[in-house]
Structure formats: C-alpha cells, structure tokens
Amino acid sequence: MTRGSSSRGNGLRRREALALAGAAAGVAALPANADTKLTIWTGYPEIQPLYQAVAADYAKSHPGVTFDFFSTSLREAEQKLTAAVPTGTGPDIFDIGTNISVNFIDNGLIEPNPPDIDAHLKSGPYGKFTVDFFTLDGKTFGLPFLEGSRACMFWNKTYFQQAGIAAPPTTFPELIDDAKKLVQIDAQGRMTRSGISLRLSGQGSGIGEKFRYVLEAAGGSMIVRTPSGKWHNGFDNQAGRDALTFYVDAVQTWHIDDPKVPHDADAFASGATAILWRESWVIGEIQSKNPKLDYGVVPIPAWRAGMPRMMLLQPEGVYVNGQSSNKAAAWDFVKYLTNAPNGLRLTEMTGWLAPRQDIDWKPLLAKTPQFEAFVAPPADIKYYVEPVLTAFDEVESKMADRLTSAYVDPTLKGNPQNVAAKIHEMAEQTDQILKDAKLYGTG
Amino acid sequence: MHYRRRAGLWAWCYLMLLPVLAIYAYVRIVPIARSFELSFYDWRLIARVRPFVGLANYVRMAGDENFRIALWNTTVYSLATVLISTAIALPLAVALARRGKTSAVYQTIYFLPVITPMVPMAIAWKWIYDYNYGLLNYVLSLIGLPPVAWLTDVHIALWALIIMGVWKGLGYSLVIFLVGIRNIPATYLEAASLDGASELQKFWRVTLPLLRPILLYVLVTSTINAYNVFTQVYVMTLGSQAAPGQAVRVLVYDIYQNAFQYFRMGYASAEAITLTFIVLGFTLIQFRALRSQEAA
Numbered sequence: 006m007t008r009g010s011s012s013r014g015n016g017l018r019r020r021e022a023l024a025l026a027g028a029a030a031g032v033a034a035l036p037a038n039a040d041t042k043l044t045i046w047t048g049y050p051e052i053q054p055l056y057q058a059v060a061a062d063y064a065k066s067h068p069g070v071t072f073d074f075f076s077t078s079l080r081e082a083e084q085k086l087t088a089a090v091p092t093g094t095g096p097d098i099f100d101i102g103t104n105i106s107v108n109f110i111d112n113g114l115i116e117p118n119p120p121d122i123d124a125h126l127k128s129g130p131y132g133k134f135t136v137d138f139f140t141l142d143g144k145t146f147g148l149p150f151l152e153g154s155r156a157c158m159f160w161n162k163t164y165f166q167q168a169g170i171a172a173p174p175t176t177f178p179e180l181i182d183d184a185k186k187l188v189q190i191d192a193q194g195r196m197t198r199s200g201i202s203l204r205l206s207g208q209g210s211g212i213g214e215k216f217r218y219v220l221e222a223a224g225g226s227m228i229v230r231t232p233s234g235k236w237h238n239g240f241d242n243q244a245g246r247d248a249l250t251f252y253v254d255a256v257q258t259w260h261i262d263d264p265k266v267p268h269d270a271d272a273f274a275s276g277a278t279a280i281l282w283r284e285s286w287v288i289g290e291i292q293s294k295n296p297k298l299d300y301g302v303v304p305i306p307a308w309r310a311g312m313p314r315m316m317l318l319q320p321e322g323v324y325v326n327g328q329s330s331n332k333a334a335a336w337d338f339v340k341y342l343t344n345a346p347n348g349l350r351l352t353e354m355t356g357w358l359a360p361r362q363d364i365d366w367k368p369l370l371a372k373t374p375q376f377e378a379f380v381a382p383p384a385d386i387k388y389y390v391e392p393v394l395t396a397f398d399e400v401e402s403k404m405a406d407r408l409t410s411a412y413v414d415p416t417l418k419g420n421p422q423n424v425a426a427k428i429h430e431m432a433e434q435t436d437q438i439l440k441d442a443k444l445y446g447t448g
Numbered sequence: 070m071h072y073r074r075r076a077g078l079w080a081w082c083y084l085m086l087l088p089v090l091a092i093y094a095y096v097r098i099v100p101i102a103r104s105f106e107l108s109f110y111d112w113r114l115i116a117r118v119r120p121f122v123g124l125a126n127y128v129r130m131a132g133d134e135n136f137r138i139a140l141w142n143t144t145v146y147s148l149a150t151v152l153i154s155t156a157i158a159l160p161l162a163v164a165l166a167r168r169g170k171t172s173a174v175y176q177t178i179y180f181l182p183v184i185t186p187m188v189p190m191a192i193a194w195k196w197i198y199d200y201n202y203g204l205l206n207y208v209l210s211l212i213g214l215p216p217v218a219w220l221t222d223v224h225i226a227l228w229a230l231i232i233m234g235v236w237k238g239l240g241y242s243l244v245i246f247l248v249g250i251r252n253i254p255a256t257y258l259e260a261a262s263l264d265g266a267s268e269l270q271k272f273w274r275v276t277l278p279l280l281r282p283i284l285l286y287v288l289v290t291s292t293i294n295a296y297n298v299f300t301q302v303y304v305m306t307l308g309s310q311a312a313p314g315q316a317v318r319v320l321v322y323d324i325y326q327n328a329f330q331y332f333r334m335g336y337a338s339a340e341a342i343t344l345t346f347i348v349l350g351f352t353l354i355q356f357r358a359l360r361s362q363e364a365a
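Residue numbers (the working numbering), protein chains in the order written: chain A, 6 to 448; chain B, 70 to 365.
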C-alpha cells in the first residue's frame, strides 16, 4: 500500500467552516445511543488527563456516553494494540503512529474514514502534508492528533551569556564552537556539564531518530523512496559519513558530550547540559521541574551556511477501531477531541503539538514564547517526513544498536575509512530489512 | 479381583490428575508445540498471509548478527553468573551449615534478593551503577579508585548485569546447598575427623562428593534461569542514561524484540525453540558430566 495524494487543498469551504465553528463552540448533534461506553487507549500517559478533561466536557452534552481510559508507554501500547485489535478485543478509539496504523489499514482493521470525517479532514484545518500523511491509496484513515517528532534546539540562555555567546548557533560549525565553549570539565578531568546532550546510549529507535537530525541536516536520509515506490538506504554516502563523524568527534575529539554524564530533558531542565535537541513536550517538563530556567528554542542548525535548516514531521493519528460497535459515537468524539480549542488545550496541558493549522497560538505564545519555533517555524525551514512503513522502526532500532557502539569506538576517531566501513555495514543492514519486508528497490 | 481393584485405583488417580495435566498441557505444552509450528512460518502478528517457509527462519538466524551477539552475551552471562554464584554459595553454605541464630540471620539476608521482584531491583541497581550519583562509584571513591561507567561503557555493561545476576541468584544456591549439607550424615564427617582429615579434605573428600546430586540440581536450574535473563536487561537499557542495547543484548531480549517490536512471531519462535534446545543441551551435558563422575 502506498501513500496517495488526494488532498483537496487548504481552503476552508463555507459549510465546513461552519461545521468547524460549531465543533469548536460545542458539540454537534448526538449520534450516540444512550449508555454508550467508549474505550480509549493511548501510548502517551501524559495525555490521559487531556482525554479525561475533553471526555468530561463531551459528556456534558452527551450524558449517555461514558468513557474508559487506558494508558501505557508508547511501545507497550503498540504491542497491546497489535495483539488486541486483530483479535477483536481492542478499544473503540486509540492513538498510534503510522508505523502501526499502516498495518491495521492494510489488513482492514482500520476502515476508511466515513464521508463526513473524510470531508472534515480535507476541509482546511490541516495542511496538505498532514492530509497526505493520513491518505492511503486515495482514502483517508484517522484524524491527526499530535506532532510526534518535530524537534528543535533548546539552548540555555544563562550558559550562553556566561560563555560570551550572543546568539544560538545557526550552523553546525557554529554549534560545535559554541558547545566547546559551553562544556565544563572539573579538575579531575570529569565532564560536569555537556556542551550538547546527544543521544549516545540505551536502545531503541529514538537513537536512530536523533542520528537522523544530523543526517538529514548533512543532506542524507535514513531511507529513500524510489519512483517505483520501493525503498533503499539513503545514508551510504558523504552525508552518512559526515553525520557519524560528527557524533564520534563530539564524544571522542571535541569532548562536548560523554555517555557518562546525565542526558536528555532531565539534564537540560537541571542545567546539566547547555543544548538539547528535542520535541515540544520538553517545555512542559521544564515548566514542571525547573520553571525558572532561562532558555530559548530555535530550529536545529543548518549543516553549513547556505544549506537549509531541517525539521522532522511525524503526525500521530487517532483512529476508530474497525471492529468497534460504537463507530458513530467514537467518530463524533474523535472529531470533538481534535477540534481547534482542544488542540490548543493539548499543547497547553502536555506540551505536545496539535497538528492543526487553524489554531490561534497567541494565548499560548503569550505565556510560553518558547513554543514559537515549534508552532510558527521560520519560513526557510525544510521539512522531512517519517516514512510510513512498519519496517522503519526496525531500521532505526537496529541501526541504533550499532550507533551506540560506533560513537565510542576508538577505531573510528580520525579514521574516515573505518567510518565509511561502519556506515556501509549499517546501510547493508538497512537494505536487508527492506528486502525482508519486500520493500527494497533502487529503480 | 485384586488386579481389578488396582486398575481401578490407577484409573482414579489419573482421573484426579487429569484437570491438572490438562491445564499444564494447555499453558505449557500447547504453546511450546505452537511455537515449534510457528517457527516454520513467516508468521507476522498483523498480516493476512502467513506462508510456510520451512527452515528459512533457522537459516536466517544463522546469519543474523543480533542473534549471534545475543547468544554470545547470554552464554557469557550464564556461565559467569552460574559459576561465580556457585563458587561463592558452596563455601558460604559450608560455613553457615552450623545451626545457630547467626546462621539463620545470614540465610535470610542472602535469600532476600531471591524473593525481591526483579523490576524494582533492576531500577535500584540502575541507580547503584549510576556514574555520577551511584553508590558503587561512591564506595570506589572512598578507597581512592576512579569512577567506573558501569552501564554506559560497552565493555563493562554486561559485567554489571553479571554482578547483579550473582547477587540475585546467590541466595537460591546457598539455601539449596545448605539443605544438602545438613542432610549429609554426621557420621561420615566424624569418621573423616577420626582419620585425621583436615576441614579442606573433609570438604573435598566427603561433603562435595555427597553433594553431587544437589550440585547438579543447582547448576541445571541456575543455568536455565540464567539463559532466560530478560527483565534486568530491559530495565537497564531503557532511557538515555542506560546500557547500550547491543552490549547487553541477550537471547530473550532478542526474541522479545522480534516478536513484540517487529511482530515477527515466526522468527521469534525459531529463536525460542533454538534457546530451548541450547538450554536442554547444557542440561544434558551437566547431567552427563556429573553422573559420569558419580559412576567413576
């Protein structure tokens, strides 16, 4: 199954605009029977309070509808849904990434959107790219719920000021120079603050995804789609070698990061690192853990001057189970859940971005200006997308296994030949995964 | 008449056992048989077509680097944890074999990790191993040693798991050995003492030979447990400040990933069947080795 492009443009038509306004103001006609119970599963435990709040509002105008919620980590949610949906024991409504939904769709477990939902999706609240992301072979499936992996660069303003750096870096050479000035080493030679917090250890596709931030900036891609709809690796090239060299040098040559020091959102919130590349939810983390932190958020730098700044787009959807006995009620709630006011609420409550383009972000930006880079990125940003393939998770996860070892491998330091060999090894693995999934091709 | 009554008794016994056997077959035998069957199919969790592929999953496994790494790591982990915990537990059991209040206290202390659930313990150990704030590095600093990146160093991470495995399994071996030692008739040891045997000689010549069946039991069960290591690996590789996945990849983790992350149930089943045969092989080797010594 391949992604089609049946978007009908971005303009709002009058009837749909009125329907949208109606949905935003309240809830439309009640399609649910009395005493309808909707079961909702989410892979984002932090979003469950939003579901509950929205459900409570919805129930006011739909007194017969009750809800049952279940939340767990994303990976576990994927596993549970994969076991439950095909066996008819899944929930009525669930949110999930396209890596899983595409399989459900392919096997008839998620049905094409009903005509009114299809029309709503295409009626203007979502950009063309987002509509295309939810379109397969000309049919739409599910509604966009949140931006899963749109990452920007968080920078600690206090540390930058202390280091005498006036502005955040806009290119990788600037980033490296800044990180060298920002890193702190104690008298025993131990890193006490990293210049930048990269993802260097652990397991899972997140490591591959963070590698992609550098790879795409350098001009490469994890996998590339051919005109015939097949895929092959897109990093057995100079961009791939440059990206791996950046990571190896960051750890082994420039010493701007170290697997041993604290990492990720916690490290940034606690001041253990000066720079972090992450999604918008980190803003929520900072608000709860260290609200006094003086920080800014800008797009991830360009590889070098003259090259574009890149941003990953990966909208996650909310779907109605094809086997649900409450489809009409479920769709009505999903439409309400994803309306513009609730989209703003999603971002305000959780930090996750709503993928709608008709949200008025002003109230949010007035309170938290750091969201600006996420909700209104500069016009020069070039976007790249998450491939809609189940095999892609395996590609990233298996690459991650090799990357964590490569970053600290001393034989790669200052050795372009070994770096090239390592990249080639990973590229072969990627192509093999695609071959096994019968997705590989070069023509 | 006598024969008929006896046959009736047997029939009654089997009839009473039937529910238990049925449940056992349903939860144990059927899944193993089904896994064996699935291992010959390209059986994906969400797929319309699940074709028979013969031995293709097994052939693929032979060339799968992740499987090879997992097999190697699991074997190193199993050999190390079983040998080290046995080597510590056996002399410790001899020392604690004398009855008394102190012995009971020590037994309790050593046995506590065995009954403690793995997930909270793995999280606690993740903190103990933390490079910056961990207890272990603090202790090292007290004796002037530099900190060690227990989890994040690709060469050390597996040994960090082995240390935890030994800590977790030691109490089990210790208690089993204690039971065995206490069942050795005191007359044998008294006779050896009368013959002028030293403590070491009594251990080598009397205690150890008589403990051989217990030793076999401990080695077999510990090896099976060690080959099934999973939870601590899963916990300790979660998050950004965790062990590098490949450095601590073990077989059950690889099976889990193929089955529940990549949804390749057929391939994961082939790995599970292979793991079963590996553990069975080790068990048979241990049986043979210890039985042949017994016979000699």
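In short, the hints are calculated from the structure, not lab data. Treat the hints with caution; some may be incorrect.
[As the list claims (entries may be wrong)] With the Cβ distance kept under 7 Å, some of the chain B side facing chain A (calculated, not the full set): (1) I115; (2) R117; (3) P313; (4) Y331.
Just so it is clear, CB atoms sit at the ideal spot from N, CA and C, and this is done for glycine as well.
Hints, verified against the model:
With a least beta-carbon distance of about 4 Å to chain A, the hint placing B:I115 at the interface is held under the 7 Å criterion. About 6 Å separates the beta-carbon of B:R117 from the nearest beta-carbon of chain A, less than 7 Å, and the hint is met. The beta carbon of B:P313 comes within 4 Å of a beta carbon in chain A, closer than 7 Å, and the hint placing it at the interface holds. Because the beta carbon of B:Y331 sits about 5 Å from the nearest beta carbon in chain A, less than 7 Å, this interface hint is met.
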